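Peer 1: Given the coordinates of chain E, work out where chain S should sit on it, guided by the hints.
What follows is each chain in one-letter form.
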Amino acid sequence: MQVSPLANPLATVAQLETSGSQLDGIPADLEDSIRFAGARLTQAAGILLRLPQEVIAQAIVVFSRFWVGPEGGSLEEYGAGQVSASSLYLVTKLSAFPKSARSIINVYAYLDSFPSTFVDSDLLQQKKADAYFVSEGTYQSRRTALFNTEQRILYILGFQLHVSLPYILCVTYLQALDVFTHPRASELANKAIAHLNTSLLSPQLLHLTHQPPCIATAAIYLAAKEVGIKLPDVEWWEVFDTDREELGFLVVGLLSMESFATAEKQKWGEGKIPMTVEELHREMQTRRSANGED
Amino acid sequence: MTRASRWADEEADAAEAAQRKKEKEAKKRLKLAKQQVEEAEEAEEVDEAQESDSHRFKRRRLSGSVEGNDEPDPKPEERKLLRFEAGGWGPARHTSNFEILNAIEEGSYGWVSRARDTATSEIVALKKVKMDHLQDGFPITALREIHILQKARHKNIVELKETIMGNDLSEVVLVMEFLEHDLKTLQEDMAEPFLASEVKTLLRQLGGAVDFLHENFIMHRDLKTSNILINNRGILKIADFGMARMIPPPHAPLTQLVVTLWYRAPELLLGAHTYDTSVDMWSLGCIFGELLLKEPLLPGKNEVDSLTLIFTLCGLPTEKKWPAFYRLPNAKSLKMPRESRNTGSIIRAKFPFLTNAGAELLSSLLSLNPEGRPSAKEMLAHPYFAENPRPKPPDMFPTFPSKAGQEKRRVREPLAPKRGEAPGIQQIDFSGIFANRDEEEKGAGFTLRMA
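Sequence lines, in order, name chains E and S. Residue numbers for the first sequence follow our numbering, beginning at 1 and rising by one. Residue numbers for the second sequence follow our numbering, beginning at 1001 and rising by one.
It is worth saying that the hints were derived from the structure and are not from the lab. In this text, all values refer to a predicted model and were calculated from it rather than measured experimentally. Possibly wrong hints are sitting among the right ones.
Below, computed lysine-lysine pairings styled on DSSO-like, alpha-carbon distance capped at 27 Å [to be verified]:
no., chain 1, residue 1, chain 2, residue 2
1, S, 1392, S, 1403
2, E, 230, S, 1022
3, S, 1335, S, 1301
4, E, 225, E, 272
5, S, 1155, S, 1403
6, E, 230, S, 1080
7, S, 1350, S, 1301
8, S, 1184, E, 99
9, S, 1184, S, 1350
10, E, 267, E, 225
11, S, 1335, S, 1321
12, E, 99, S, 1130
13, S, 1151, S, 1294
14, S, 1294, S, 1184
15, S, 1022, E, 225
16, E, 191, E, 225
17, E, 191, S, 1022
18, S, 1161, S, 1350
Chain E is faced by these chain S residues, among others (derived, beta-carbon under 8 Å) [as the list claims (entries may be wrong)]:
no., residue
19, 1081
20, 1082
21, 1085
22, 1086
23, 1087
24, 1137
25, 1146
26, 1147
27, 1304
To give a feel for the contact side, a few chain E residues facing chain S, derived at Cβ under 10 Å [as the list claims (entries may be wrong)]:
no., residue
28, 72
29, 151
30, 160
No residue lacks a Cβ here, since even glycine has one placed at the ideal position from N, Cα and C.
Chain E on its own, in the form it takes in the complex (with noise of 0.2 Å):
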């Protein structure tokens, strides 16, 4: 049967009970930390990349498969970094913006060269040029890490790269709703595919969970109470095909992004989610000794 393009692959319960990480014992707010870290790193390499958000989205829904399910990889083995890399390296070979594995490395070398996870957007756009600048030995090992783990994702993915994403859809939704013609349909626009990245950094992984028409409804309909555009009083979204469950399951987890990642930006403060494996041994090491002292 044909797959419909606008469906996504979607993960099971099985693989959103279990994940790799936990079966090694990993806490799992460590685990969603880290992957809403390495959301947040492709998303900035992609930028640096110059990359469109779609190729960017597709490699971040990637690297979030790659995570879930007693199979998915654990970071026990994989460091996010890397897997991040990868999963962009992967998905931009496949698009139309091929990018080389040189500029993927000093791309995550440059952003690996920042004290803090939470820096300021800005300074990602100052030119440091020597923090990109890798060694010919160091690109070689690193080169090696890369098409490695490109691999492994193939193999835990089972080569399934297919990503449906919300955007087109988000826009066709709101030319149906015929909101262009409000003075401040763009705002709304704005607000809604905002929204839509912001889903992509969602510890519920919604991605995974949620069809793309269902994450595009949600989003419109937040954006139109937040920007104050009233929209048909009826039962519009099931014309998109999400039932009023899904919309507010949705919506919620949209809206819960922002205390979210407040909080993760308070626990974190000035220091760096680990994105190695070595860090992440030496954090847990760090919770132990902390504990241990209580």
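Peer 2: Same frame as chain E, now just chain S:
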């Protein structure tokens, strides 16, 4: 701590919002119901005026219950919403799940063999990915083939069942449905060419698959008889998507080094950097001719020889027929004769047994100007398919002993182009390709500009 309270807040908020929504809903439903009752009453009044007899009966029924009425229910409990399914994912299975029976052939980027699924005893074709060009990680050609075959589910496109891996993950094997024949080997073994009705059936299936691909923004870029499989039930399927890719955004540079030489469109031979799905239509034209002749239509030995064969068959490009021709990179090295006498197409003459409609279709597919070629959809709508003899039903096809089932094949045609730089056309010696047609024209056909 903060976490719990935050979520509690969310839930409370959500509950509140849901409550508000519910209230609003209820109000709205009430309003709607009232409105509908009013409407019904209005309608009743109209009825009343028309047929006063039924008035009392209807009135009674209305006041009795709104639900029991033949009015549409103001809020049906279950409205049917579309549900999209796209499966899930899990780790690739191990190669040991399959038992290899015999080798079939070596393709442009992989080895193909016939195998049996040890669990289900199903016979499949395994295509092992060649890991030659590892400077870019996992080979892009294999990646594209897998990605595109996952999307392209069609009755005339070979089905990719799954992708399996060996112990060290660098062994990657595509598991595909097994078909008994490929069109090239089959034709070589046949005593007579396909019948007109059989050609039509094959071409129609081929056109259907290509139309599907193009509708889904996929260019195959390596259509040829050895990539077209056929089973013993007369069903044809396109295989080998190693050259295929999604149609990129406009003006993205594409490699011109695509399509096996014999099936390569003239604009590619002349170095066009942008091209579209019409390159597949040219290949379809070559295959159409090959099915009629039982031998390759344009078996050029190299790029120049191919161009020579093309111009001999289809005529010389003229400003009127193909305005963009002179702007193609390699066109500058050609010098065209001033007189265009006797340099037209000889397609009609080459296929004397083809009907006029058939010849017209073949000529349009082999139009030098890419814009002159029909789309796959237009091709399928061509009168050729409607006229007699009608396409033969696939299940009426004769069956043949399968070579793929038994023995290894020899590769006798050129392979699909390898990755790398496209060789530019430097020297073109076309002298005398029209010499036999008109003695007065001898030597004046082409001259190589040496300056």
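Peer 1: Is the interface hint satisfied for residue 1085 of chain S? The criterion is a beta-carbon contact with chain E at less than 8 Å.
Peer 2: With a minimum Cβ separation of about 6 Å from chain E (threshold 8 Å), the hint on residue 1085 of chain S holds.
Peer 1: Is the straight-line distance between the alpha-carbon of residue 1155 of chain S and that of residue 1403 of chain S 27 Å or less?
Peer 2: Judged against 27 Å, a Cα distance of about 23 Å means the pair holds.
Peer 1: Within 27 Å, alpha carbon to alpha carbon, are residue 1392 of chain S and residue 1403 of chain S?
Peer 2: This hinted pair holds, its Cα atoms lying about 24 Å apart.
Peer 1: Below or equal to 27 Å on CA atoms is what counts here, so check residue 1184 of chain S against residue 99 of chain E.
Peer 2: violated (38 Å)
Peer 1: Are the Cα positions of residue 1161 of chain S and residue 1350 of chain S separated by 27 Å at most?
Peer 2: violated (42 Å)
Peer 1: Residue 267 of chain E and residue 225 of chain E: Cα distance at most 27 Å?
Peer 2: Outside the cut-off at roughly 30 Å; violated.
Peer 1: Check the hint pairing residue 225 of chain E with residue 272 of chain E against an upper bound of 27 Å on the C-alpha distance.
Peer 2: violated (35 Å)
Peer 1: With a cut-off of 27 Å on the C-alpha distance, tell me whether residue 191 of chain E and residue 1022 of chain S pass.
Peer 2: holds (25 Å)
Peer 1: For the pair we were handed, residue 191 of chain E and residue 225 of chain E, check the Cα-Cα distance against 27 Å.
Peer 2: holds (10 Å)
Peer 1: The hint names residue 1147 of chain S as touching chain E; please verify it with the least Cβ-Cβ distance against 8 Å.
Peer 2: Interface hint status for residue 1147 of chain S: holds (6 Å vs cutoff 8 Å).
Peer 1: Take the shortest C-beta to C-beta distance between residue 1082 of chain S and chain E; is it under 8 Å?
Peer 2: Given a least distance of 4 Å, the restraint on residue 1082 of chain S holds.
Peer 1: Can you confirm whether the C-alpha distance between residue 230 of chain E and residue 1080 of chain S stays at or below 27 Å?
Peer 2: Distance ~25 Å between residue 230 of chain E and residue 1080 of chain S Cα, so the pair holds.
Checked against the numbered hints above, the structure violates hints 4, 8, 10, 13, 18 and 27; every other hint is satisfied.
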